[in-house]
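Peer 1: Chains as they are written, first to last, in the numbering used here: chain A, -10 to 160; chain B, 459 to 593.
Accuracy of the hints is not assured; some may be wrong.
Pairs of lysine to aspartate or glutamate residues, derived as EDC-like cross-links and limited to a Cα-Cα distance of at most 20 Å, are as follows [to be verified]:
hint: 1; chain 1: A; residue 1: LYS79; chain 2: A; residue 2: ASP60
hint: 2; chain 1: A; residue 1: LYS61; chain 2: B; residue 2: GLU506
hint: 3; chain 1: B; residue 1: LYS520; chain 2: B; residue 2: GLU506
hint: 4; chain 1: B; residue 1: LYS520; chain 2: A; residue 2: ASP87
Here are some of the chain B residues that sit facing chain A, going by a computed Cβ distance under 7 Å [as the list claims (entries may be wrong)]:
hint: 5; residue: ASP530
hint: 6; residue: ASN533
hint: 7; residue: THR537
hint: 8; residue: ALA539
hint: 9; residue: ARG567
hint: 10; residue: LYS570
Just so you know, the hints here were simulated from the structure itself, not pulled from any lab data.
Using N, Cα and C, we set each Cβ at its ideal position, and we do this for glycine too.
Residue strings, one per chain:
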Amino acid sequence: MKKWLQFLVVMTSITATSALLASGGFSDNGARQMPAVANAKWKAECSGCHMLYHPGLLPERSWHKMMAGLDKHFGENASLDQATRDEIAKFLALNSADKQDNRRSNRINQSIPAATTPLRISETRYFTSKHDEIAASTFKRKSIGSAANCAACHQAAEKGDFSESQIKIPR
Amino acid sequence: MRSAFLIMALLLSSQAYAATPSALLKQYELQAKQENAAFAGFSAAKGERFFHAERLHSDGKKVSCATCHTADPRNPGKTRASKVIDAMAVNVNPQRLSDEAKVEKWFGRNCKDVLERHCTAQEKGDFISYLLSIK
Chain A
-10 MKKWLQFLVV
0 MTSITATSAL
10 LASGGFSDNG
20 ARQMPAVANA
30 KWKAECSGCH
40 MLYHPGLLPE
50 RSWHKMMAGL
60 DKHFGENASL
70 DQATRDEIAK
80 FLALNSADKQ
90 DNRRSNRINQ
100 SIPAATTPLR
110 ISETRYFTSK
120 HDEIAASTFK
130 RKSIGSAANC
140 AACHQAAEKG
150 DFSESQIKIP
160 R
Chain B
459 MRSAFLIMAL
469 LLSSQAYAAT
479 PSALLKQYEL
489 QAKQENAAFA
499 GFSAAKGERF
509 FHAERLHSDG
519 KKVSCATCHT
529 ADPRNPGKTR
539 ASKVIDAMAV
549 NVNPQRLSDE
559 AKVEKWFGRN
569 CKDVLERHCT
579 AQEKGDFISY
589 LLSIK
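Just need the whole structure built from these sequences, with the hints factored in.
Peer 2: See below:
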């Protein structure tokens, strides 16, 4: 009986250590998925033209750059009045990938070289390695449009939930 | 009695931001007269041509309002980022033209995106007249 217990303790610690190693040695105190966040202006303004991107998908410096260039937002004019812009910028900064402690945000953040400030989530190394089995032609399907349309395949993307069980790739 | 006044006041204040299409048209008419002394009213037919008019954007692509809103404003459209845009025709979508700030926001953005300039009050009034004329 005692030997059996010893075995269990050893196995548990091995599992815990390998989990820690797998996560890149980073202490993932948080959950696997991004936490629920809410701001009425963010929700209203940032989902007028595209799906609602969770702030935990990019680091603070990316959101800062994004919100400073809304008049030329991926080729479109998405300017906001100053007060709305400031409120959303603050909310994004507060909940950005480098201010979060969940596994997904941590990994996205770690995959971005410190000297770069990406605006497209799909250009991060985390994204490209996660989607390397998806053909370019799949992203171009009419039902998907582009890699920017997370919610086409990730059913709960707008909640920040990108778990495997929530994926359904449309034809 | 007092509570009735209170309710009235609340109702009125909540309407402050809202608009009706005809109130919007009135406003654009005032502006259009300032922009052009020879203003001769709005035209749904001109608004329809405006909606469909294709131009070459400086990015090399052909664009019109219809590019995203589809050729028929009764249909839902699609943004370049694949998000559905609710139908524009007021008859199909009564929420259209009911919020002045929203109308101005989207004229502001979309005129710049398609025409690379602001729209005139004449163009806005013509276009609203067109949307209202669709059964």
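Peer 1: Indicate, hint by hint, whether the structure satisfies it.
Peer 2: Status of the hints after comparison with the structure:
1. A:LYS79 with A:ASP60: holds (18 Å)
2. A:LYS61 with B:GLU506: violated (28 Å)
3. B:LYS520 with B:GLU506: holds (18 Å)
4. B:LYS520 with A:ASP87: Distance ~40 Å between B:LYS520 and A:ASP87 Cα, so the pair is violated.
5. ASP530: violated (19 Å)
6. ASN533: Violated - the Cβ of B:ASN533 stays beyond 7 Å from chain A, reaching only about 16 Å at its closest.
7. THR537: Where the cut-off is 7 Å and the nearest Cβ of chain A is about 5 Å from B:THR537, the hint holds.
8. ALA539: holds (4 Å)
9. ARG567: Cβ of B:ARG567 sits 5 Å from chain A, so the hint holds.
10. LYS570: holds (4 Å)
Violated hints for the displayed structure, listed by number in ascending order: 2, 4, 5, 6.
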